[in-house]
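2 protein chains.
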Amino acid sequence: MSTGWTTPAPDALRATAQPRVAELDPRSTPGFIGDKKTGQLLTAQRATVLADLQEMLYANGRSGDRRSVLLVLQGMDTAGKGGVVKHVVGAVDPQGVSHTSFGVPTEEERSHHYLWRIRKALPRPGQLGVFDRSHYEDVLVVRVHNLVPPSVWEPRYDEINAFERELVEGGTTLVKVAMVISPAEQKVRLAERLTQPDKYWKYNPRDLDERALWPEYQAAYQAVLERTDTDLAPWYVVPSDRKWYTRLAVTELLIAALQSLDLRWPPADFDVEVEQQRVAALTDPTS
Amino acid sequence: MSTGWTTPAPDALRATAQPRVAELDPRSTPGFIGDKKTGQLLTAQRATVLADLQEMLYANGRSGDRRSVLLVLQGMDTAGKGGVVKHVVGAVDPQGVSHTSFGVPTEEERSHHYLWRIRKALPRPGQLGVFDRSHYEDVLVVRVHNLVPPSVWEPRYDEINAFERELVEGGTTLVKVAMVISPAEQKVRLAERLTQPDKYWKYNPRDLDERALWPEYQAAYQAVLERTDTDLAPWYVVPSDRKWYTRLAVTELLIAALQSLDLRWPPADFDVEVEQQRVAALTDPTS
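Line order of the protein sequences matches chains A and B.
Residues in the first sequence are numbered from 3 upward in steps of one, following the working numbering.
Residues in the second sequence are numbered from 3 upward in steps of one, following the working numbering.
Everything labelled a hint here was simulated from the structure, so no lab data went into it.
There could be a bad hint or two in this list.
Identical copies go unnamed one by one, so any copy, or any two together, can satisfy a pair.
DSS-like mimics (lysine-lysine), calculated; alpha carbons at most 30 Å apart, straight line [stated by the list, open to error]:
(1) K189 to K204
(2) K122 to K189
(3) K39 to K122
(4) K122 to K38
(5) K39 to K245
(6) K189 to K39
(7) K88 to K122
(8) K245 to K88
(9) K39 to K204
Extracted from the complex, chain A is given alone in its bound form (with noise of 0.2 Å):
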């Protein structure tokens, strides 16, 4: 663990070790006793070795290894989900990364299965799959705006389970962080949305009739966390008003799941002195 960490983030970080949603203090910073610039230096530090754990994780999966790792991202508007994508996840060779936003589902993703689209979006071997929003859009937008009755998302939490037990059994290790911002912060960051023109489009009226329900939200992100953080797949809940925090801590997480997987490079499939031999003796092959 680096420079300012006091404990190590997956353990900062963890659901059980944070205070519940609503007495959680967006501003805090878990684990970590660095300031803002700190740990700038340190997350573009530590990019690089996330970069190079990605691209281990990469060889191993050309070379059959079976293994991904999933970051799902959840929080509400304007906590930075965007921000860790391009940031953290831009570190990363776009060759390894699988991107996914779950937006308002589509008719055809209705007809469906809530899961059905996140089932077509899971990361290939090798892969860092991302998820922004994902199935627990399924037990929070749905359950604050009752949009199906408690009698259908009510079993979604074990569902949900079974559901991310089956990944973890199929080689996908999961980092599920949830992002806290304050109400005041968001307000300072819906308001910058609309400052610029370049800003606009990230804008939507109708943020801020969920923002009406952030005691729901609160209720409904505090029911995800105790049903459905497993040690097979643990949620981590990350404090985002700061946005430098965020991001270093993000990038943390992601480097201790890959850690986790004691990746080594793929021994050659082939005897490299014989290759050595091969390629010194080629000739030009046009002339």
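Starting from the structure of chain A, add chain B where the hints point.
Relative to the frame of chain A, chain B by itself:
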């Protein structure tokens, strides 16, 4: 166009402006008179221009614009396709990127038309799609190895032109890049992959069999350029012995493609002043 370029990249690199593949100098730097250091600095600078343009494309995609860009990368093994993905596409927000590598077709893929797997991987509106190899394999490796008779691959050039016309009419701007290296440079790069265990996974003994068919591949590439370079879906031939030039050139080709779309930030579909007032009036929904 930036310092160092005497001719805009799309003009200098267009297939029709270049010598035949067999006569091309893979160390040449068409249109660019700067040295390696200048080229590298320029690539870094222009990466932010590329990222900004792509963000604008993505923003428009979110606002109903159907347009997308598709980068098609073709080239012999070690030509640097992966390097372009990592270093050029890597500059773009992963949120707006859709990357697909096309390897040897799977059994399921072989049971379908060769364009089936291609259609499934097309970029969505607002995305930069990247194909590492593509439908052109079906007139390259397939032709060189006689995997199907000429009566089958021969009609594919026209079919590909029709397919690409369909893509263009659907709003996709194609940037097709043929990366040309010399056998000498390939030998160096193959040897490099055998020097360290972290490179072994990139080495495949069968690449040497493909190399032995170099003249046949040159002829197959030449046919591709002659029969599928169209004004709607142009081919660019990028000499690729110098990695820095390849990356600079593809950066410029993508920038030019995005600039040709004449993108603007999408206008707000709400009343900005009204929303500013609504946001300013927001109170804490939890208290």
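Hint check:
1. K189 to K204: within (14 Å within a copy, 49 Å between copies)
2. K122 to K189: neither (35 Å within a copy, 40 Å between copies)
3. K39 to K122: Neither: 40 Å inside a chain and 44 Å across chains, both beyond 30 Å.
4. K122 to K38: The answer is neither: 38 Å in one copy and 43 Å across copies each exceed 30 Å.
5. K39 to K245: within (12 Å within a copy, 34 Å between copies)
6. K189 to K39: Classified as within: same-chain Cα gap 25 Å, cross-chain 45 Å, threshold 30 Å.
7. K88 to K122: both (23 Å within a copy, 25 Å between copies)
8. K245 to K88: both (12 Å within a copy, 25 Å between copies)
9. K39 to K204: Classified as within: same-chain Cα gap 27 Å, cross-chain 38 Å, threshold 30 Å.
Hints 2, 3, 4, counting from the list given before, are not met by this structure.
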